[in-house]
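Asks: The hints should help you fit chains B and C onto chain A, whose structure is shown.
Residue numbers (our numbering), protein chains in the order written: chain A, 6 to 364; chain B, 39 to 283; chain C, 305 to 608.
No lab work stands behind these hints: they were computed from the structure. Glycine included, every Cβ here is placed at the ideal spot set by N, Cα and C. Check each hint, because a few of them may be wrong.
[As the list claims (entries may be wrong)] Some chain A residues well away from chain C (every beta-carbon gap over 12 Å; in silico):
no. : residue
1   : Val32
2   : Leu43
3   : Trp111
4   : Glu316
[Unchecked claim] Some, not all, of what chain C presents toward chain B, calculated at C-beta under 10 Å:
no. : residue
5   : Arg369
6   : Leu478
7   : Asn486
8   : Thr488
9   : Met489
10  : Ala490
11  : Arg491
12  : Leu492
13  : Leu493
14  : Gly494
15  : Ala497
16  : Asn498
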Amino acid sequence: MASKHQENRFAAYSTPIILAAILLALVLLVVAFGDKALARTAAETLIRVTLVVGLWIFVGNSGVISFGHAGYMAVGAYCSAWFTLRPQMKSLFLPDLPGWLLEAQWPVLPAAIAAGLLAAAVALLSGAAILRLSGIAASIATFAFLAIINTVYSNWEGVTGATSSVVGLPRYVDHWVALAWAVTAILAANIYANSASGLALRATREDEVAARASGINMYRHRLLSLVISGFFTGVSGALLGHSIGVLNPDSFYLGITFISLAMLVVGGIGSLSGAVIGVIVLSTVIELLVRAEQGFAIGSAEFALPSGSQEILIGLIMVLVLILRPSGLSAGREFKLRLKLPHKTLANEQIPSNRGEIK
Amino acid sequence: MSKLGIFDLSVRYGKVPAINDLSLQVEEGERVFISGPNGAGKSSLLNAISGAVPTSHGRIELDGDMLTGRAPEAIARLGLSMVPEGREIFGSLTVEENLRVGTGLRRDAEAVDSDMEDVFEAFPILRERRSAAAGALSGGQQQMLAIGRALMTNPKLMMVDEPSLGLAPKIVDQVYETLCQLQEERSLTLIIVEQSSLRAARVGGRMILMRGGSVVGEGNAADMVDRDALAQAYFGNPKCKEVNS
Amino acid sequence: MTNFAQLFFDAASLGGLYAMAALGIALIFGVMNLVNFAHGEYIAFCVFALIVPSTDAVAVMFLGRAPAVLLVPLILVIGGMIAVASEYAVFRHLRNADPVAMMISSFALGFVIRNVLLATYGGRPKAISLWPELNTPVQIAGASVPLLQVIVILTTLLVVAALAFLLKKTRLGLEMRAAAENFTMARLLGVRANVVITGAFALSGALAAAVALIMATQTGVADVRMGGQIMLVAFIATVIGGLGSLPGAVAAGFLIGGVSVLLQAFLPLEARPFRDAFLYTLVIACLLLRPQGLFVPASAKPRV
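Pulled out of the complex, with its shape left as it was, chain A reads as follows (with noise of 0.2 Å):
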């Protein structure tokens, strides 16, 4: 028995190995290449990966569904900016930050870790008064909570530069960089949704009722997912800034809350191998339908797609999707390596397979 559970275990946790190997391979691959706009577009992915990866560990576990995390993504964008930004480029364009956030220049990494703390806070207090709330009007809540932050940042002009862009930001971001922070978000996921408190929360997923019958406190294990996805969501937020060096409000509203939610709905809630297969793919389409719109040649005919397509496609995609597979291409089960132990003695000898299989 004791044997059995040691292979549960390991399959478990042989879940973060196969998708930070995916991932490694993919930039493996772009570097190969050599092609700069390739190394940008898996940058870019490998930030959505870190991005939706975040969202999954509170949605994913809850069955919550948040319209908000674009908000604790702009939280992080914006304290990396403020840690991040030469001082005299501060003190001219956000000149109401307070005088130690003025003259600060911190390097990238505390900066990004900031960012997520602090996006973590903003989802501990928003999160103590949302989720208090049932599933649907939580929802709803959560998209006023992003209007909030919205209209605040669009607004707040000495500190956020209200609607003109911040720019300037080092673009330390590539993808090797990026990379680190997905499988970071990812091992940090599969621990959460391994731990006691991720079970419970997804046993009340399946049944609240009973969940809470059996002494569950659902709200504390809710905002507890909330805190660390906001603060992975907060560092997406902070290496998307970093990546393209512009920030500007509206980049962190309804288009980055439709384009994540649809790659975790494509890949499947119901898993973390779900949220990255999502991101991998959408992202795959995007990229194709980006190019589309910008011409491509079929023989002597140039053909392109009006723009716009890409975000109407997607959306297609996602309907369908919801359709015909409701449970996402996933289907809620995760890459994991089977290791046999035939006699728990050998535990330690034994060599898993190394076939990633989808069980």
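Replies: Same frame as chain A, now just chains B and C:
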């Protein structure tokens, strides 16, 4: 031809079977009680007949018309009406509105008013409270309303799920008395889920015993009580008359 | 008391607009438990139906040129049609799905409609002039009020009264109320699901169209984004009003309109741009105090 014919019916909730290869015939004007322990599949059977849950195998016919695969509203239009477990009255609608919901399918508009009169005749309390919100009625009154509401669709076959649930014995007597009276007046076919075999025996009719999603015995309700068949249905090893399939 | 009268008319007309939008959402939620995120895009769609499809900066009136007697019913029908079409194309296939899946799919559908509009009409807001004479002020109770505000208030009352009549006195209304409370039971009594749902979507779409006409006249702008903001307010109104409760949605719509106008009038000048943030924060606070909604009638809860 039977009024209601059920052939090899199976119902599953996901992978959990609720009804296994059940066959049953109900004749015109008959009164049939369905009894059995909790989880025997009684309510599932009624829900499958009325179209509220999909069947996974087999067929159901009403007067030779296939019911399987039809939407619940289409089945109601063929003359089948149901008083579900827990009554499911529309709490925010008035008593009279509750009674009128099911009259949309009728083409004999002029008969609706006289049927309403019949229902009020049978359950005078409903007339008294016709403009009150149905949610404010007592449990017994809600049961009467649920029966009245089912009658207003002018059904040929009416199914009642546990009419005695949660009601005082005196009220149950009254409900059954009215049900039987209405059955006679309107030449209804009645299928009633009733846990209490004594009650069924007193009212009279055919009794079907279910267990584990199958019919495990049947006979005249009065005879069934005398035998220990019922106990067998609950505790296993049925010795009662096997159903010829 | 000029100031007071002015505030009253502002609040009542804004509240009326919110109430109509909220009714459209509450109707659908009541009948099929769908939180319809596409509702705002129905509004935008109806606004854009007024002008000729083109990405040019200058808007050329298209349907908007028709006389009001024709235009109003025409736009109402268009609104009804897009709502019914979206039910037919998307939501019908999700009837047995859980509410969360339906909600996300409506979000996706809204995004699709929005981007179709963007692709056809371009992203920049366009000036349109629909019935500009309605913005001329009239004197009422010592306040100078645009005629349109009076019309909006009257229209809202008319719409609410008509809807109440429809729900209380007609066969379809009875079936819709029954279906809203217990859909399966209504079907067991022969209520046709498709008729009720199509009816609810048609009404909801027509309400969106009414909102569109008012907004187009009031703002004089056609903007793809205009649906989003009012939809969010409408959602909040339906939640505050108690999800699915129609009288609750109307009352909450007026309440939010009133609070919004008061905030605009009495917030310090430098805080005014943040008005919506204050509004939504109030809303979340209000939900915390009464998560089931402010206006849930006691009779809606059946006795156990």
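Asks: Looking at the structure, which of the earlier hints fail to hold?
Replies: 4, 5
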